Amino acid sequence: MIKFIARRLLLLIPLLFVISVLIFVILRLGENDPAMSYLRLSQIPATDEALALAREELGLNRPLVVQYSDWAWKVLHLDFGRSYVTGAPVSDRLLFYLPNTLYLGTVSLGIVLVLSFPLGILSALKKDRWPDHLTRAIAFAGVSTPSFWLGFLLVYVFAVKLKWLPPMGMGGPRHVIMPAFTLAFMSLCINMRLIRSSMLEQMNTRSVLYARSRGVKEKWITGYHVLKNSMIPVVTAMGMHIGEMLGGAVVVEIIFAWPGVGRYAVSAIYNRDFPVMQCFILMMTLLFVLCNLAVDILYAWLDPRIRYGTGAEQ
Amino acid sequence: MTFIQNMAKKKLLWFAIPTIMMLLGMALFAPWVAPHNPNEVNLELRLMPSSSSHLLGTDHLGRDTLSRLIWGARTSLGSVFVIVTLVLVFSLFVGSIAGYRGGALDSFLMRVCEIFLTFPTFILAMFLIGVLGMGMINVILAIFLTHWAWYARIIRGLVLSLKNRDYILASKVCGTPAWKIIFRHLTPPVLAQIIVLATLDIGHMMLHVSGLSFLGLGIQAPTPEWGVMISDARQYIWTQPELILYPGLMIFIGVLAFNIPGDMIRDSLDPTLVEGDL
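Residue numbers (our numbering), protein chains in the order written: chain A, 1 to 314; chain B, 315 to 592.
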């Protein structure tokens, strides 16, 4: 197991290298000139001398390889440069907002896990009866609901009409309920359906038949044999949910004026504040890759075939 | 599958197909169906409730909401159609070359796909828009660039499974050039399967387009687009919540209508699922 984890961690290094090169190249490939954006945002008139000076200052005159290695070296020391808009170090701002985003994301992930398991299991156990029909209908509708619409519907009902919850901003625990639920809803619905179909599939396997014929109690069969094996696809899908949630968090932060990294990044994109954008995508991708790694490890722990078999090379 | 479930699914199709037809009709015939010009600003008629001349009322610039919703179908479906076409053409190109040629080119192309797949899609799309600039063409490009890799991988797999079939080998022996084999003999069967997969994704892509537009990064303001309409209407949530309700309902119904047949296709393709899972 330790070997497996070590190998996966080592594989991260070339992956992150390529990702950082790609991000760097994409930014340079764009038809926009970072020096121009810099001047525009610092409100310096874009004369030829000013441009040349800005290029000098930002180090844009040097060969790309030098620029990249310089940038990468600084990134390794968590120095992402200064924002073109405020002149403040980018990493300070982003690290300042990151806990808020993580807080929102963790609560949402919690909601997904806490609600999708009982509902999915209920749906599988009561197959074709009304609880099953109800959860499936909700799940199917939920997969098609845009979060930026659901968020406003919730605001309208619970903040405007009922006045139970604050409509926006961050504060006490009551502030996080609506944003977290909005963010969780789609993953929750996907997960519910997945748990249901995965459990139904497992119930038909021969191992369950064998357990039944051995006289194992039905509760133990569903609670242990079926549930444990049906977790495997659910865990795999978790990695995908985290990716969707990182993107969804941006939208939710905008709806609820939640002071997270996504909201900061969107304003950076409006302003073409390249250092901030660079830092944002690198941070989110790293987070995504690490979450997927955690999922893979969990997956290998659940399914020994992956740990020892050829699956690890996939 | 029980009889009742069968019937329930058919019933859903009775909802999905007419809805898709209606949306397509709205998209194709928007100029004739819409009662007003969607961009006609009339400040005297701002934020009107529904009336006989403006069935769903007007927005903060006095534009007719119904007309904007109808034109929104054109924007939304049109951009998704272009994205799907781009994704299919490009991934078919990359996937069949990788699968057919094999070797170093194949492993290189597949590594490229893997790199694209390591990014969270929505975030990468945001970043690309940040670099390329906002607007419809760049949104289409960004969503295309974030989705092709997945398809290219599947197509490569399909090509690999087909390329040693007898009919391919026979035409190779006859001296048919590689491009002709790919184009004539490999593309048709692969395309048939991959189009099915693409229909599963239409709803998802619609959500991406309107999500980015809602953030103000996608399709830009005067263009009637559902995500933009919700973003425009957000400050009127206290007084005119229906301005948020209607465009969201359009997105919801549209995505739902495309997801229903998509889901059925998935069920029929995936024999490992015990039940049709709706």
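Think of the hints as simulated: they come from the structure by calculation, not from any bench. Please read these numbers as outputs of a predicted model, since none were measured by experiment. Worth double-checking, as some hints may not be accurate.
With a cut-off of at most 30 Å between alpha-carbon atoms, the simulated DSBU-like pairs for lysine-lysine come out as follows [what the hints assert, rightly or not]: (1) B:325 <-> A:126; (2) A:126 <-> A:3; (3) A:127 <-> A:3; (4) A:163 <-> A:228; (5) A:127 <-> B:325; (6) A:3 <-> A:217.
Hint check results:
1. Between the alpha carbons of residue 325 of chain B and residue 126 of chain A the distance comes to roughly 22 Å, so the proposed pair stays at or under 30 Å and holds.
2. The hinted pair formed by residue 126 of chain A and residue 3 of chain A fails the criterion: a straight-line CA distance of about 42 Å is larger than 30 Å.
3. Proximity of residue 127 of chain A to residue 3 of chain A is assessed by CA-CA distance (about 42 Å); at most 30 Å being required, the pair is judged violated.
4. Restraint check: the Cα-Cα separation between residue 163 of chain A and residue 228 of chain A comes to about 42 Å, which exceeds 30 Å; the hinted pair is violated.
5. Our distance criterion of 30 Å between C-alpha atoms is met by residue 127 of chain A and residue 325 of chain B, whose separation comes to about 19 Å.
6. Our distance criterion of 30 Å between C-alpha atoms is broken by residue 3 of chain A and residue 217 of chain A, whose separation comes to about 37 Å.
Violation of the numbered hints given earlier is confined to hints 2, 3, 4 and 6; the remaining hints are satisfied by the structure.
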